[in-house]
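Required output: the full structure, derived from the provided sequences and hints.
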Amino acid sequence: MRVIINNEKIEMAFDEYSGELRELTYLETGENIFKNYIWKRKTPFTLLVCFPNGEKKTLTAPLYDDIAKDYSLKPAISLSELQNGTKLLQIIYKHLKCETGRINISAGINVTLSPDDYESIWTIEIINNEADHVVEEVWFPFLSGIYLGDTWEDDVLVFPSWSAIKVPNPTAALSSAPTCIGWRWHDYNYEYRIGMSVPAVKTSDGSYCLQAYHSGSASMNWMSYYGNEFGLYMAAYQDDFKISNLAAETFGNERPGMGFSVTVYPHIVSGNRWMSKKYGVALHPGDWHWGADRYRRWRNSIDNGLKHKTPDWFEKSPGLIAHYDFKYQHQFMKPVHKYSDIERLYGEAKELGINHLLISGWHKDGFDRGFPLYRYEPELGSEDEFSKHVTSVVENGGHISFYINSRLFNRKYEKELNDLWTNGHALKKDGKTHDENYGSEEFSVMCASSKAWQEHLLNTIKYLVEKIGGDGVYLDQLNCSSPIMCFNDNHGHEHDDWNKGYDKLLDEINSYFLKNSENSISIICEGASDIHGCKMSGQLISTFFNNEYGAFPEAYKYTFPEETLVDMIYPSRGRQIMRPVHVSRNAYKILNRAFLTGSYFWIYDLEEENTFKYDPEMKEYLKNVIKLRKLWLEKFGKGIYQDDRGIIFAEESINAKIYLLDNNDILVALYNNNIQQELRIVLDVNKRKVKECLIYQLGGDKTKLNVEIEDGNAVIITKTDHLALIHLAF
Numbered sequence: 001m002r003v004i005i006n007n008e009k010i011e012m013a014f015d016e017y018s019g020e021l022r023e024l025t026y027l028e029t030g031e032n033i034f035k036n037y038i039w040k041r042k043t044p045f046t047l048l049v050c051f052p053n054g055e056k057k058t059l060t061a062p063l064y065d066d067i068a069k070d071y072s073l074k075p076a077i078s079l080s081e082l083q084n085g086t087k088l089l090q091i092i093y094k095h096l097k098c099e100t101g102r103i104n105i106s107a108g109i110n111v112t113l114s115p116d117d118y119e120s121i122w123t124i125e126i127i128n129n130e131a132d133h134v135v136e137e138v139w140f141p142f143l144s145g146i147y148l149g150d151t152w153e154d155d156v157l158v159f160p161s162w163s164a165i166k167v168p169n170p171t172a173a174l175s176s177a178p179t180c181i182g183w184r185w186h187d188y189n190y191e192y193r194i195g196m197s198v199p200a201v202k203t204s205d206g207s208y209c210l211q212a213y214h215s216g217s218a219s220m221n222w223m224s225y226y227g228n229e230f231g232l233y234m235a236a237y238q239d240d241f242k243i244s245n246l247a248a249e250t251f252g253n254e255r256p257g258m259g260f261s262v263t264v265y266p267h268i269v270s271g272n273r274w275m276s277k278k279y280g281v282a283l284h285p286g287d288w289h290w291g292a293d294r295y296r297r298w299r300n301s302i303d304n305g306l307k308h309k310t311p312d313w314f315e316k317s318p319g320l321i322a323h324y325d326f327k328y329q330h331q332f333m334k335p336v337h338k339y340s341d342i343e344r345l346y347g348e349a350k351e352l353g354i355n356h357l358l359i360s361g362w363h364k365d366g367f368d369r370g371f372p373l374y375r376y377e378p379e380l381g382s383e384d385e386f387s388k389h390v391t392s393v394v395e396n397g398g399h400i401s402f403y404i405n406s407r408l409f410n411r412k413y414e415k416e417l418n419d420l421w422t423n424g425h426a427l428k429k430d431g432k433t434h435d436e437n438y439g440s441e442e443f444s445v446m447c448a449s450s451k452a453w454q455e456h457l458l459n460t461i462k463y464l465v466e467k468i469g470g471d472g473v474y475l476d477q478l479n480c481s482s483p484i485m486c487f488n489d490n491h492g493h494e495h496d497d498w499n500k501g502y503d504k505l506l507d508e509i510n511s512y513f514l515k516n517s518e519n520s521i522s523i524i525c526e527g528a529s530d531i532h533g534c535k536m537s538g539q540l541i542s543t544f545f546n547n548e549y550g551a552f553p554e555a556y557k558y559t560f561p562e563e564t565l566v567d568m569i570y571p572s573r574g575r576q577i578m579r580p581v582h583v584s585r586n587a588y589k590i591l592n593r594a595f596l597t598g599s600y601f602w603i604y605d606l607e608e609e610n611t612f613k614y615d616p617e618m619k620e621y622l623k624n625v626i627k628l629r630k631l632w633l634e635k636f637g638k639g640i641y642q643d644d645r646g647i648i649f650a651e652e653s654i655n656a657k658i659y660l661l662d663n664n665d666i667l668v669a670l671y672n673n674n675i676q677q678e679l680r681i682v683l684d685v686n687k688r689k690v691k692e693c694l695i696y697q698l699g700g701d702k703t704k705l706n707v708e709i710e711d712g713n714a715v716i717i718t719k720t721d722h723l724a725l726i727h728l729a730f
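When we follow the numbering used here, the leftmost residue of the sequence shown carries the number 1, and every step to the right adds one.
Read the hints as simulated data drawn from the structure, not as lab findings.
Treat the hints loosely; a few may be bogus.
Calculated pairs, DMTMM-like style, for lysine to aspartate or glutamate (alpha carbon to alpha carbon, straight line, at most 25 Å) [to be verified]:
(1) K687 to D665
(2) K42 to E55
(3) K623 to D303
(4) K719 to E617
(5) K638 to D303
(6) K166 to E254
(7) K500 to E562
Structure, rendered in structure tokens:
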């Protein structure tokens, strides 16, 4: 009744008749992680098929009753072993079935397991021989009813949403009723989740599903679910960067456990054969770090074009000041700043220790309205004035980046920008546009893979750098908004090539400025994406969005330590009406976390609406944090982030992160919430002799520390300020 594929690490048992995966066992403990059979789910795949009448139905592995009525539905299963000990399981479904009968669509699954690996590799092939039917979605691998150990309550989910979130007891968290508050800024109505209100959606069959598109809010194509003894890792190795969707679901405490799947959207028409990319399913020792290491190894083996050369000044810069208050969406609102204010604003930034400005609303008709009329706005001054004041800042050692929306087109400008609209907008399968609202304006989504849109964005950047004199851009929404499938036949791309389009755009930007400029420009994009991250200077992760339900940028930073994350910093009090009060109440936490993860500070200054001018205590704290961050970058460089790997022991009051320096020294960035008492921290130094240990305190004080060696580990006992750096030289 079972077909077993195993090695010394893991074992999988498939049903001989249906092909379902019934057991997935971690052999070190002998535990099968399938604890709760969910009748509404069938492993290991689900297909969503569009029928000729437009109705969509799901196809899964057959039930025993189905096979009894039609034996041709029984899969052919074979197990073989290669000379090197690798085992291969093949499951071939010649036909599939839905509630209306047998369907002439076949599925072939391969599962490969190397002799000494915790990870199995999966692929699926679909052949559609059913006339007028389209296989639109493939959910594979599809696992369900999982928890680890005796209870689901102590399990943890790491999910790559907005860099990542870390969710304790996801069975309860995803199924709990959300707690939301509303917030209004100008004409924008926002809803924020507070408490552990994970943004899962209740589906029609009763499950609570958390999902993210890669590359939309999903920063990476892997997820981790782990307990006290071991963990589950699932990854999609999509080296073609087609749109995919990661999902974690539960039916709640009444039917406890978790389900995990990856969905792709091949749209296989009748007569076509489609082969998936590889997927990884592993049971492994330890926590999420194992999965991060495994995924990094795969991603670093894939070359997807030209890498970005981050400007030297950006590598040494602690952050930027963002001004969104030049020209707002509503035309009756007077601009807060004009082009003539730029030099003064740069002077104010310098007083805080910042040499980088970001200017939004600089263009015709302003922020969240004038997209994509990316030329100067006469109400703010002439084009010559614009260039004069920007150039003055850059020539005097400052840096200016400009906001560009990489996604949206205001239909009000359809006649004015007719060629761009005609050749660049994205279309749904039914021929309609993809429309989205921001504030009181309605926009349509442009296709990331259309040549017209790519050229328009590149020409905008050329204008801002070569004519206006800036040296950086911020591409809003590029990494964070959901990718869309475009069926505009005039674009010459496949419907799910969205990610490839942005990748090509970034290649063209980087290639142009490397060839035509003495210095590369800085590029920051909204959201984090392992597809595009190597092609930009920084990625804006905005942890205030998910701070309440488990913001965990550490997972992305550890997976890709060479990349720079950018995080928004907010005042703790005063005039801060741009964001809810709850954001201000967590302001110090967000700032301290950004420091520990080596993030680039994004500091708003919106005069009356989001500014540190009315929070003098935190402003002084921020100045000291910036000073310490500048010391870090100038003296040591960014370092390679190791998270807490190498920390043997630290007091409960400490949150410490390890960075490896170019000369193999160690830098410890730490936060201490008990500055009155001495702290003890024990570090794994690989039995090396510590030549010198220095601590750099918030505010700049430097002190030499004594280091004791116990069992080859370095023991440090000291008092610290809330933030500090400890440098160990060998």
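Going down the list of hints, with the structure as the test:
| no. | hint | verdict |
| --- | --- | --- |
| 1 | K687 to D665 | holds (13 Å) |
| 2 | K42 to E55 | holds (21 Å) |
| 3 | K623 to D303 | violated (40 Å) |
| 4 | K719 to E617 | holds (22 Å) |
| 5 | K638 to D303 | holds (24 Å) |
| 6 | K166 to E254 | holds (23 Å) |
| 7 | K500 to E562 | holds (22 Å) |
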